[in-house]
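S.K.: Spelled out from the first residue to the last, the chains are:
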Amino acid sequence: SQQGEEDPQALSIQEGENATMNCSYKTSINNLQWYRQNSGRGLVHLILIRSNEREKHSGRLRVTLDTSKKSSSLLITASRAADTASYFCATIQGAQKLVFGQGTRLTINP
Amino acid sequence: NAGVMQNPRHLVRRRGQEARLRCSPMKGHSHVYWYRQLPEEGLKFMVYLQKENIIDESGMPKERFSAEFPKEGPSILRIQQVVRGDSAAYFCASSRQGGRRNNEQFFGPGTRLTVL
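Going down the list, the protein sequences come from chains H and W.
At position 60 of the first sequence the residue is numbered 60 (the working numbering), and the sequence of numbers has no breaks.
At position 116 of the second sequence the residue is numbered 116 (the working numbering), and the sequence of numbers has no breaks.
The hints are simulated quantities; they were obtained by calculation from the structure and are not laboratory data.
Some but not every residue of chain H turned toward chain W, in silico, with C-beta under 8 Å:
#1 F88
#2 L98
#3 V99
#4 F100
#5 Q102
#6 G103
Computed cross-link-like contacts, SDA-like style, restricted to lysine to any residue with a CA-CA straight-line distance of at most 25 Å:
#7 W:K44 to H:G94
#8 W:K44 to H:S39
#9 H:K70 to W:E41
#10 W:K44 to H:L11
#11 W:K44 to H:S24
#12 W:K51 to H:G94
#13 H:K56 to W:F106
#14 W:K62 to H:G94
#15 W:K44 to H:I47
#16 W:K44 to H:Q9
#17 H:K56 to W:R96
#18 H:K69 to H:Q93
#19 W:K44 to H:Q93
#20 W:K27 to H:I47
#21 W:K44 to H:E5
#22 W:K51 to H:H45
#23 H:K26 to W:S58
#24 W:K44 to H:A85
#25 W:K44 to H:S51
#26 W:K44 to H:T67
#27 W:K44 to H:N31
#28 W:K27 to H:L46
#29 W:K44 to H:T20
#30 H:K70 to W:E104
#31 W:K27 to W:P109
#32 W:K62 to H:Q102
Even for Gly, the Cβ is constructed at its ideal location relative to N, Cα and C.
Chain H with its partners taken away, still in its complex shape (with noise of 0.2 Å):
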């Protein structure tokens, strides 16, 4: 089965809120990574965290991992509507093959 199953699906809130959106795996992992990708276009990185890391931050970002329980979450604070897109988290097996979740659909509204 597919390595990475994210939740929820879609997600809508209001621009200015928070989101979070959570990432499940399966077998041992040597770090976990988020992407986003907008409508129509390729995905983008936005932060990889490695198995040693309980926490980190980019910006408006902040990931966590919980490896005891193989998960994940994707905080972004202070929504804005260019936040609008597709997140998927992906975790890597064999020489390099990034395996991905189903994606959670985010929609801010203004």
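Use these hints to put chain W onto chain H, whose structure you have.
M.R.: Only chain W this time, still in chain H's reference frame:
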């Protein structure tokens, strides 16, 4: 410093025709990956190539699909005798090195294939 380039951005083919998708990695990158994305789904790995070598093709369908990354020129994903189920977005990514678990892959804008 151009990113990963893919062309064409949109490709329309009739059933039975061949589709050729091209990917030029970022400058200095010698590792290329192809992924396929069906509507409303995440990306699924197809193949990982280095120059003139296929490293991992575990995600490639057994028939009609092939990929290459020649010494000179772009990487090519070739789909022969396309069927409607091949309609998808095909993304290419590249990385500077392979075999390192924390090596970042940079994605191109994708080629959207539509089979009529």
